[in-house]
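Peer 1: Sequence:
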Amino acid sequence: MENFVRPSSPPKYFALDVDGTFYAFDEDSYTKNRKAFRKLVEAGYVPFLCTGRPLFAVTDVLFELLDDGVYKGFPGVYQNGASIYDMHGNLLSISTFSKELLVQFCECLQKHGLENLAIFFTPTKGYTLAKESLCWQRLMGIWTLSHELTCTSAQEIIDSDIVEIVACDYPRMEPYLPHEESRNFIVKHGTHGLSDFIPAGTTKAMGIQKLLQKYDADNRDCAFIGDGDNDIEAMDLIDYSFAVGNADDSVKAHAKYVLEETNEEGAFAKAVSLLYGVDAV
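Numbered by the numbering used here, the letters in the sequence shown go through residues 5 to 285 in order.
Because the hints were derived from the structure by calculation, they are not lab data. Among the hints, a few may not be true.
Subject to a maximum C-alpha distance of 30 Å in a straight line, what follows is the list of computed BS3-like cross-link-like pairs (lysine-lysine) [said to hold, decoys possible]:
no. : residue 1 : residue 2
1   : K103      : K260
2   : K129      : K76
3   : K135      : K192
4   : K115      : K76
5   : K192      : K256
Label pairs and their computed distance ranges (CB to CB) [unchecked claim]:
no. : residue 1 : residue 2 : range
6   : R176      : R224      : 23 to 33 Å
7   : P11       : P179      : 42 to 52 Å
8   : D252      : Q159      : 38 to 48 Å
9   : F29       : D252      : 28 to 38 Å
We put the beta carbon where it would ideally sit given N, CA and C, even for glycine.
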């Protein structure tokens, strides 16, 4: 980071990915990251989460930030830009799958016995076609959740505002999905063998832009930090974009700055120190 020069007027907003970036299993590092988040808020800046998770899946990892009212999860960009909340917790924007796509997807799973490989999310609920979901078990490996998964019918899923589909074992499912030329969705591959399906045209970058426009700001007023395939559009968009040390090289290539520190070493706190001169002590 020898090439980094702190701006005289740092961006007011800071969008941060959760898994593999802000959240850490190392207790000391995650405490440090939360302190950095708090310090930014106290200094008058607006850090916000920008993640593939739904809003209800982050409240369990905010700890004292939530309890103290420092940050209740909003404003925020969730489900890779498919659900966006303003500063008051109102749903600012939602991107849903077409009913035709949901019919095709459910038929694909049921016809080939793959029901346990996918979870369908609205902004507030998670649905499955299987009584025992392998995909949900995988998610529990990276998400701390008190929320329950609802086993339901294909028709209820089709009738719901589904904004995100999380799948495991994508290679097993892929041959049965709609042909590429007719697909109206995007697939982003993450950790633990999980893949995110989101409506076509939906990205974290799009979500950030919509949120900033709400407050008469633009990408020059925002920083970003992330680690995954679903972060690259935001890294391309934002001038002060950081990749954490544990990001793949293909992701780092899109960031303006690459940190040596990983998420388990307090990378977010380091970015805050570099960009704002605010130390998490």
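Peer 1: Sort out which numbered hints this structure fails and list those numbers smallest first.
Peer 2: 1, 4, 6, 9
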